[in-house]
Amino acid sequence: MAIELLGVSHVYQAGTPQQVRALDGVSLFIPDGQFVALIGPTGSGKSTLAQTLNGLIQPTAGRIVIDGVEITSVEGRRSLRQLRHKVGMVFQFPEHQLFEDSVLADVSFGPRNLRLPASEVRARAIAALEAVGLGGEEMAARSPFALSGGQMRRAAIAGVLAMEPKVLILDEPAAGLDPLGREEILGQVQALHRDRGLTVILVSHDMQDVARLAQRLLVMDQGRLVMDGPPDEVFAHADQLRALGLDVPVLSSVVQQLRARGWQLPASVRNVEQAADLIYAAYRNPTRAST
Amino acid sequence: MIRSITIGRYLSGNSVIHRLDPRVKILALLVYMVILFVAKGWLAYGLLGLLLFSSFWLARISLSYMLRSLRPVLFILFFTVLINLFWTRGEVVWRLWRLTVTREGIALATAMGYRLSMLVISASLLTLTTPPIALTDGLEHLLTPGKRIGIPAHELALMLTIALRFIPTLLEEADRIMKAQMARGADFNSGGLIQRARSLLPLLVPLFVSAFRRADELATAMEARCYRGGEGRTRLRELRLGAIDAFAGLILVAVSGVVLYLRFAGGAA
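First to last, the protein sequences are chains A and B.
So the first sequence is numbered by our numbering: it starts at 1 and just counts up by one.
So the second sequence is numbered by our numbering: it starts at 1001 and just counts up by one.
Bound-form chain A, shown alone (with noise of 0.2 Å):
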């Protein structure tokens, strides 16, 4: 399901004090299946521009084509309904939209609302459930207020899940979460991405996350799309991320530090092991600039 933006610029408290200008003309293409990262330093505009792609926020300007229809235009509106069947998002802190008295009735909160009759409602929360590894008859019968942490926030993913969307939008799914439940959490995430071919759009502060998960980065400042590329051709730009407060991972810094000293070394690299065999090859190569 491909998503389009054109031109999409968002205002809160249009005419008042107030006034604050969250998106300035964003334009950009996900194409059907894309795993994107959206970076940016806070108050950037990603959460806003996650917003409207869900029809959640309208935008006060410009048009978003999400699967061939346009959700600004009025008829678009009117199935907002529908787009969120297809669009899934999962806000900060999900774990705080939890209200039912079990797991398994919370996370057939969405489907109930579609209005699925019974026997594919359960369906769907029990796969939902297996899919952020919260499966088994116990745990679906436990107040969603009896979980740790961590499995409060998979539960609530596992409630976005299973309305069964083609694209997934999560904002900072892993904020607060202890470096296992980092992993957990992200580790499905990709594996719904890899299995399944869901669209996801991932607001991130992490660095090291986005340049290991995603396909492609996008970067916001001050409601503006300032960089927009793979990964290691972003990361490439290291100064222009740091003066937006924005930090570069190790590996891209240890590859441009080395650059720096003369090092014969490409300026972006894809992962640690292809930076440790061009490192390596380099430091085997005389031709190298000497320090």
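Using 30 Å as the maximum straight-line C-alpha spacing, the simulated DSBU-like pairs for lysine-lysine come out as follows: (1) A:K166 x B:K1179; (2) A:K86 x A:K166; (3) A:K86 x B:K1179.
Computed footprint of chain A on chain B, listed as stretches where at least three residues anywhere in the stretch have a Cβ under 8 Å from a Cβ of chain A: (4) 1173-1179; (5) 1183-1196.
FRET-style restraints, in silico, Cβ to Cβ: (6) A:R77 x B:R1060: 33 to 39 Å; (7) B:M1159 x A:A105: 31 to 37 Å; (8) B:R1060 x A:V69: 45 to 51 Å; (9) B:R1213 x A:G135: 24 to 30 Å.
It should be emphasised that the hints constitute simulated quantities derived from the structure, not laboratory data.
Even glycine gets a Cβ: it sits at the ideal position worked out from N, Cα and C.
Given chain A, work out where chain B should sit, using these hints.
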């Protein structure tokens, strides 16, 4: 839409109204509200309206902000006007089936509508121009004499401070939870009354859970800072009455005097 609620919202500024002592402002509001319902006759209403409008003008708060404070009570306002309009006996001027509008009804409906609007707007002037902390500080001072008869002034003021402080936070939270549930296909705006009440459950349960969590965190944070109530506490800002406070008091007394005169002495006119 949820952010447009202006109750308890403070607009920072440095106008004369902003600089008034909070105690004076609270007392003035109380006097104004009482006077508003004692007042009779268009001259008195006009005078009270003028007082309020000029205060807003002095505070440099736009007309749209002033009117926005009416939004939450629009429903009540509408009904008050309607009931007064149709259910007042008197000289009939207009009739449709069983509904009658009387001359007295029109007068009463207008008066009640006007009084209610002024009431709400005047209260919003207080919160718009007084930081919540100053407001509760003032309240605590005013309630201090009541300590002898067992009114826990400090605790009440603290409760108010905390409540005011968390209104925007909880509104934001409600906004986010609402969006999260809408993303899961929740529908808050259709169906019958029972359907709608039920559809609020996915909003209210998480909201309560988070309010309790916040309360718990706040209590811990206060204990960690050795908070132990009002006894012997000193304050960062001492309240002191100044010339503008005296002047404001004088204006209010003058206006009240005229309004009272119009009501009781000049009642025949």
